[in-house]
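Novice: Spelled out from the first residue to the last, the chains are:
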Amino acid sequence: MEQLNGAELQMRNVSKSFAGVPALKSVDFGVRGGEIHALLGSNGAGKSTLMKILSGAYEAEEGTVEIGGRSFRFNSPSDAKQAGIHCVYQEVDTSLVPHLSVSENIFMDRIASSKGEKWLNWRKLHDQAQTLLRRIGLSLSPRTLVRNLSLSEKQMVLIARLVAEEAKVAILDEPTAPLSIEETDKLFRIMEGLKASGIAVIFITHRLPEVFRICDRITVMRDGQRVLTEQRENIDAAAVVRAMLGRSFEEEYPKLSADIGETLFSVQGLYAGPRVKGVDLEVRRGEIAAVVGLVGAGKTELSRALFGADPVQKGTVSVGGRRADLRSPNDALRSGIALVPEERRKEGILVRESVLHNLSLPILQSISRLGILSGAAERKHADRQIAGLGIKTPGVSQLTAYLSGGNQQKVSIGKWLGTEAEVFLFDEPTKGVDIGAKSDIFRIIGQLARQGKGILYLTSEFPEALGLADRILVMCDGVIVKSFARGEASQEDLLYYASAGREELA
Amino acid sequence: MKKLLLPFTFKYGALVFIGLVVLFFSLNDEAFFTYGNLTDILRSISIVTFIAIGVTISLTVDGFDLSVGSTVSLSTVLTATLMVWYEMPLIVVLVVSIAVGALIGLLNAFLIVKVRIPDLLATLAVMFIVSGIHKTYTKGYSIYNNMPMADGSTAPGVMLPEFLWIGQGKLFGVPFPVILMLLAVIAVHLFFKYTRWGRQMIMTGGNEEAARLSGLRVKRIRTLAYVASGVFASIGGILFASRIGSGQIDAGAPLLMEAVAAVFVGYSVFAAGRPNMIGTFVGAVLMGVLANGLTMLNIQYYTTDIIKGAVLVLALAVTFIHLSRRKA
Chain H
1 MEQLNGAELQ MRNVSKSFAG VPALKSVDFG VRGGEIHALL GSNGAGKSTL
51 MKILSGAYEA EEGTVEIGGR SFRFNSPSDA KQAGIHCVYQ EVDTSLVPHL
101 SVSENIFMDR IASSKGEKWL NWRKLHDQAQ TLLRRIGLSL SPRTLVRNLS
151 LSEKQMVLIA RLVAEEAKVA ILDEPTAPLS IEETDKLFRI MEGLKASGIA
201 VIFITHRLPE VFRICDRITV MRDGQRVLTE QRENIDAAAV VRAMLGRSFE
251 EEYPKLSADI GETLFSVQGL YAGPRVKGVD LEVRRGEIAA VVGLVGAGKT
301 ELSRALFGAD PVQKGTVSVG GRRADLRSPN DALRSGIALV PEERRKEGIL
351 VRESVLHNLS LPILQSISRL GILSGAAERK HADRQIAGLG IKTPGVSQLT
401 AYLSGGNQQK VSIGKWLGTE AEVFLFDEPT KGVDIGAKSD IFRIIGQLAR
451 QGKGILYLTS EFPEALGLAD RILVMCDGVI VKSFARGEAS QEDLLYYASA
501 GREELA
Chain P
1 MKKLLLPFTF KYGALVFIGL VVLFFSLNDE AFFTYGNLTD ILRSISIVTF
51 IAIGVTISLT VDGFDLSVGS TVSLSTVLTA TLMVWYEMPL IVVLVVSIAV
101 GALIGLLNAF LIVKVRIPDL LATLAVMFIV SGIHKTYTKG YSIYNNMPMA
151 DGSTAPGVML PEFLWIGQGK LFGVPFPVIL MLLAVIAVHL FFKYTRWGRQ
201 MIMTGGNEEA ARLSGLRVKR IRTLAYVASG VFASIGGILF ASRIGSGQID
251 AGAPLLMEAV AAVFVGYSVF AAGRPNMIGT FVGAVLMGVL ANGLTMLNIQ
301 YYTTDIIKGA VLVLALAVTF IHLSRRKA
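Protein chains in written order, with full-length UniProt numbering: chain H, 1 to 506; chain P, 1 to 328.
Honestly, the hints are just simulated from the structure, not real lab data.
Watch out, some of these pointers could steer you wrong.
[What the hints assert, rightly or not] Here chain P is said to cover these stretches of chain H; the calculated rule only asks that three of the stretch's residues, wherever they fall, bring their Cβ under 8 Å from a Cβ of chain P:
1) 8-15
2) 318-330
3) 350-361
[Said to hold, decoys possible] No farther apart than 20 Å at their CA atoms in a straight line, the calculated lysine-lysine pairs in the PhoX-like style are these:
4) K346/H x K193/P
5) K392/H x K431/H
6) K193/P x K380/H
7) K277/H x K431/H
8) K219/P x K11/P
9) K314/H x K277/H
We put the CB at the ideal spot given by N, CA and C, even for glycine.
Generate coordinates for the entire structure from the input sequences, incorporating the hints supplied.
Specialist: See the structure below:
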């Protein structure tokens, strides 16, 4: 197999603009065979544009791509693949055929190409797939249908495919975002394997601890420019964050002080579906209570049940001493509960609707008289939220699809601020949100607490819980297994209870 | 040039196209662009427009109602029999027909919202049921004044003149069904633009789960949409019976597709890319103008369908090219 083997891929002076707005300004970026290279930057910093140019999805306006001294110009993703550059996108399902086997998906190009053999030798195909899977350390059966695989396994099939197609450069676009800790470990072992076989791995992520765990070199982009490339051992996390933000990050988790009052929200013996099995918890006025747990612990299911989005089998929930009605989200909202859901674009906002219409959605009743909407009241409410939350949008009539992830999340939060909600449930609110918008969101949550609301913050990002919460509840396998006051727990403690609890129960 | 021309086509293409078609027919036949003929066109589309309003509403909540054609048929024979067989007063005739339309809407809503059958399949089934009911009810006969009854006697009643006036009368020189249609179009347009329920329907259609998780009672909203669809279809049936002066069997079946076509042409108006009332009305007008103008050119009615279909394809192409460009 021809490899880069220390030979370099080098992008030189790459520029690109969209509708006159520069997205990349004369960027140089290089990777070597046999290294794992982290590519970091806030949303909009230009890293995905750069990778799309490298993988042939976009065409650069200026600049060249050189591999081992040879200059290339990619007009399509297949050009880039020919040159050995492969990309595993976040949306793995778009690259796989669900009703075909693992083997067929791995060797898809070979099977589909006209140069391939005329007849398929199934046994040979499965054998080759088996060998390949074993080589990169996977224990999947090659005959399994892809639709029966987990998301993490699908990623691995795509990685196996790029190995089969003799990739020299593998771009992994935020592969760890949806993975559990165990799955991430497994992925990292496979990435080490790719590295050992001489492939250059470009690893895009928002999670700094992962970068320092596995990467050899780190490149940071900001505002369409490369601002830093450094060996891992010559740099620390603070410097990387500084480079990403362009300013020092005074406090990663701004913690506003709030007066904690009487018990506001109380949940007793809640059972809902197979993943919520007897949850007890309380949130007081002005308090931020975090529920942490691994992926699959039942956090999302808990938040949906508490908002009436999924049926509750058993248990009582009360807000301010009054029993809450959880038969539907409408009832939950009337009881004073609001949810900012995890799947922002599918559940939190309507992407094909304007910022204005999204923000007014839950308060249509209060801005209308006899059913007639007041345009002025709607507008006033939207303007207040846009200013108050710092939503960056060209205007109220902008479709929310065109906002950045962080601003979409602010809309998803802002729509509740005109309601009577007292208890706010946040399910992974920083998922896919860049560092700048993250601290905005923390600040908004802190302000809500200061106004005497009760916050239940569900997350699998332990540092967020440690930085933000007054109390941390560890959830494992559908129940709360441990509670810590602020400052009592370390990340290791949380991880221990989040995973050990599961073993005890199993 | 290309940069300016494309968005213009998406936004105003349908209107410009109607203008060109009208111009073409006017130049071909002097009789086309006359007050008499233009009001004729509007009167001819009034029934389809009422059905299309119902289709617009069900599509707005991201549903679909195939049963409107049968509802028109049932409402047509029901109004006729109430007068001809049972000699009911006008108000009872109207109230019963509209109530039956609402009931069919409730049945649709029950199957779709509660039992969770996909909308197309549920309303397909209801379409058959209602169609069967209306033929069983009349034993397959059309209903007309003094018709012979099964026992050999003659039907006691006649179609009331007040009732016939709804479909045939004029107010200030304008056919009454045209006035009704325009009022309904304006009312529904205002409903979607300025009322809470209209907005809730649009948002529910945009993303039902997100709407539900924003506290909207989406089941109630969708039920309301299907009931409205049934009611507008039964008004279409009333107009049909009063226009023809009898209760024809299977009157509504061909009108369903005509109405659906009008709604989809409406997607392209002002580049809406979604069901909208003004667009639906423009679509209905376009279909009416084509039918009328082509008849004047002595083109057979079955050939007319080819042209209508082609126009629908054109409108859909414009809409979906525009939508996919916007996504990119």
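Novice: Hint by hint, note whether the structure agrees.
Specialist: Here is what the structure says about each hint:
1. 8-15: violated (count 0)
2. 318-330: Held - the stretch 318-330 of chain H has 3 residues with a Cβ nearer than 8 Å to chain P, which meets the minimum of three.
3. 350-361: holds (count 6)
4. K346/H x K193/P: It is violated: about 24 Å lies between the C-alpha atoms, which goes past 20 Å.
5. K392/H x K431/H: Holds: K392/H and K431/H sit about 18 Å apart, inside 20 Å.
6. K193/P x K380/H: holds (18 Å)
7. K277/H x K431/H: violated (25 Å)
8. K219/P x K11/P: violated (33 Å)
9. K314/H x K277/H: Holds - the C-alpha atoms of K277/H and K314/H are around 9 Å apart, at most 20 Å.
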